[in-house]
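Q: So you can see what is in the structure, the chains are spelled out below.
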Amino acid sequence: MGYKVVVDFDLCESNAICMGVAPEVFEVRDDDFLYVLQEHPSEELRPKVEEAVQRCPKQAISIEDE
Amino acid sequence: MRDIVIVGASIAGFSAAAELRAQGHDGAIHLVGEEPVRTYERPPLSKGVLGGEDPTTTEWAAARDDDLDLDWLVGERAVGLDVGGRTVELATGESLPYDGLVIATGASPRRLPGHRDRAGLHLLRSLDDCLGLRADLDAGPERVVVVGAGFIGGEVAATCRLRGHEVTVVEPLSQPLERVLGPTIGAAVADVHRAAGVDLRLGTGVDAVLGDDHVEGVRTTDGAVIEADLVVVGIGVVPNTAWLDGSGLAVEDGIRCDATTLVAPGITAAGDVASWDSPRYGRLRIEHWDNAVDMGRAAGRRLLASDEGAEVYDPVPWFWSDQHDVRVQVAGRPTLPDQGGDLVVVDGAIGDDRFVALYGRDGQVTGALGWNWPAKTVRYRMALEQGLGWDEAISAASP
Ligand SMILES: Cc1cc2nc3c(=O)[nH]c(=O)nc-3n(C[C@H](O)[C@H](O)[C@H](O)COP(=O)(O)OP(=O)(O)OC[C@H]3O[C@@H](n4cnc5c(N)ncnc54)[C@H](O)[C@@H]3O)c2cc1C
Ligand code: SF4
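One line per chain: the protein sequences are A and B, in this order.
This note's numbering puts the first residue of the first sequence at 28, with every later residue one more than the last.
This note's numbering puts the first residue of the second sequence at 40, with every later residue one more than the last.
It is worth saying that the hints were derived from the structure and are not from the lab.
C-beta: ideal position from N, C-alpha, C; glycine also.
One or more hints might be untrue.
Said to hold, decoys possible - Cβ-Cβ distance ranges computed for the label pairs, FRET-style:
id, chain 1, residue 1, chain 2, residue 2, range
1, A, 51, B, 149, 41 to 49 Å
2, A, 90, B, 108, 17 to 25 Å
3, A, 64, B, 392, 23 to 31 Å
4, B, 389, A, 51, 29 to 37 Å
Stated by the list, open to error - If you only want the chain A side, here are some residues facing chain B, beta carbon under 10 Å, derived:
id, residue
5, 55
6, 57
7, 85
Bound-form chain B, shown alone (with noise of 0.2 Å):
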């Protein structure tokens, strides 16, 4: 394999890039990034950055290694894929010839229905994004309304309140994050946000967003107008797909990969644009950072392995979310109520500064949630990696 071509050059397609060089592939390799700007921590951009951090410290120090000798192509967009003729064809009407292909496009923020950009209203993905939002909260404005109390949501509604502005949120759900942690941990989320002066309109859309050429706030799917000169929307992700349509290849809320992060021969895929059959939960999509490395690391190999050889990207995911004083961290996937699943706390209670809780389902522990306390929630993960009985986990931690 000589010319390896990765389409994406965010954390999942430089991770890819980086081990197929730990492994000692010395062909040439394409980085396309539709972005100007090599790898960056996105993490941030909800949190320090948009606080007021110095931008700069988001730049991923080793995609700086010239040693590393990689081709970056950024401000370049993939706009077709031949899957027969193995070329990438770019917006510039260039085509990239490859023999291995690393799919790492991402996701991008979903818009509201009837979306119409304006000033005042934001999306938030990218390092530009985040700049233009910041620039608009250095303005002070009187409110923000964030839509969605989703992770994203969650941390821009607390950043908000870091710096001092008046902040709505307004999320359909009667507690934030309940599809994913369930409604008992989305309360306690919920008092964070009410405890930082944050008001949270629950079990309440958006309708609209108001003003011709600014916005003037939103109306509520209850009527209710509320009045904003600054909208952020954080409604979830959808992958960036589109650039492999009548390609041939299985797009369905992402691009399919096996269980080896194989899509086709000579084609792998990694991180948000990813969804792959996971032996331990079925078919995955993950959207969140640490899983994009490591995902991006095992498309990498995969590329270098032979069929038999290759191994199975099965880990059990681990991710985390800042807002106000607390740092989430999940680990495995968390079975809710309306899936039979049942939460028991182990160390600590809700309220306390910090707490950690289980979720399981029929005798298996299926994830567990540290509120503050990384040091218990990573000995989960690594449990949760050998696969932990129920009633074993709950009487190892009951004194």
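So here's chain A without its partners, still in its complex pose (with noise of 0.2 Å):
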């Protein structure tokens, strides 16, 4: 069973605290905005997620199973 990021982009401040958890998968670029670069990351990257959902201050990113 796989998974996938969902940003909701109303809520996120773009402050980058993501990026700073799973680079892989979050980037804010010069622009200001986010950009989700792996919206079906692998497994292994599962943990790093979850960690970037539960400190991302606006509670933006959320975790789809499918």
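Both chains are sitting in their own frames, so use the hints and assemble them into the complex.
A: Written out as structure tokens, the structure is:
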């Protein structure tokens, strides 16, 4: 069973905490927008993505199992 | 380990609870919180929500997830701890037995010496505090005096200006945030306040709050009287450890823990209340959101770990503050000039809409400050985790 990374861009304030936790998945670029580099990261990355979910101060990230 | 009690149901306490579940703890988790509500976001209380946004947007959604099966004892205050008997005493007289305990009682705003409650005098920590202050602002005060130009004071002043109120900020230091960010960045913050129309009185403290039943203003240490119908005091916080008096645990500017968040066998601590031995920086107590989340997680894991398997909690701290149109982000522990520290702007320049500055000492970068520039700040934060040499960082930054 895979999973999908979903960001609510209405909540996201581009502070890049998630990128510090999982740079393989999240990148805030110089234009100040957050880019999700992989919507379907590997299982190996799941703990990091879960940490990003908890660390995001706006609770903008969620994981959808699929 | 069956029953875990977490005292303090804010972000550090909740993060510990969520991590305990994530690590597979299937025993009971009791979250004891003095405030009558579940976990919510504090940062918006001096920003958007004080400005008028819907307060329900601060609810921490994860804490509403009933699948976590947490026993929320909100509106309950812990008044004592019996370490030998492994029980927490509540104000109701009830005793809560535990196998594992997380101390996450946070901090409370410091009061001015001689503080006396009266109408129009505000401290800001809780959602209740915020809504009380907001209601007084809605009444349209002639002038607001903010005591202290630290993070909370600066943000409250900014929000008041945004709402159209006249604001005077009184700060004893010669620049805002001077002790955290140094005089150069402090001066840049002062410029932003002044440009936004804040009347900034630096180098002077508040001697007395005036008014009997309702505040009428403040008298400063240089003898000036500033009239105001609302006074907000933001002069720092003190860790909430009174309930631990008599427990035998070591309290010294917060509850002391080791490098793994352990206070004593079966007891860990996290967040604003916790003072720990960081291998990277020495004894540290941090009063910022991300540390409360991260340390809460670490404190949860530590309860389940063996002494041999315990991980050391040693992050590069990170926080932000929004004041007027500036978002400041700081990674690491800036060393200031009076500590022999240097400051160099590596991207942009002070006065630009955005820039990045590095703090350093003894050939190492100690901190990075981003001024409206998260993409760059986070990269420095990541580099700081590995250790970043000063010369290397400066030469990499110059074109
Ligand atoms: C207005 C405001 C704006 C902020 N803005 C930012 C920001 O922009 N960026 C940033 O990084 N940080 C910010 N912070 C700081 C951040 O909110 C705190 O670092 C964080 O809330 C600390 O979390 P905590 O869980 O350790 O403690 P707290 O959030 O203080 O929670 C402790 C909880 O324990 C409860 N408690 C205390 N004693 C007892 C007892 N004896 N029994 C039961 N319960 C008890 C308290 O009622 C409280 O609910 C801000 C704080 C405030 C107040
Ligand atoms: S941590 Fe959250 S708010 Fe910050 S950039 Fe990532 S998704 Fe956006």
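Q: Take the hints in turn and mark each one as holding or not.
A: Cross-check of the supplied hints:
Range check, residue 51 of chain A to residue 149 of chain B: about 42 Å between beta-carbon atoms, so the 41 to 49 Å window is met. With their beta carbons about 19 Å apart, residue 90 of chain A and residue 108 of chain B fall inside the hinted range of 17 to 25 Å. Hint check: residue 64 of chain A to residue 392 of chain B, Cβ distance near 27 Å, so the stated range 23 to 31 Å holds. Checked against the given bound of 29 to 37 Å, the beta carbons of residue 389 of chain B and residue 51 of chain A, roughly 34 Å apart, stay inside it.
Because the smallest distance between the Cβ of residue 55 of chain A and any Cβ of chain B comes to about 5 Å, under 10 Å, the interface hint for this residue holds. Checking residue 57 of chain A against chain B by beta carbon gives a least distance of about 5 Å; that is within 10 Å, so the hint holds. Taking 10 Å as the C-beta cut-off, the interface hint given for residue 85 of chain A holds, the closest approach to chain B being about 8 Å.
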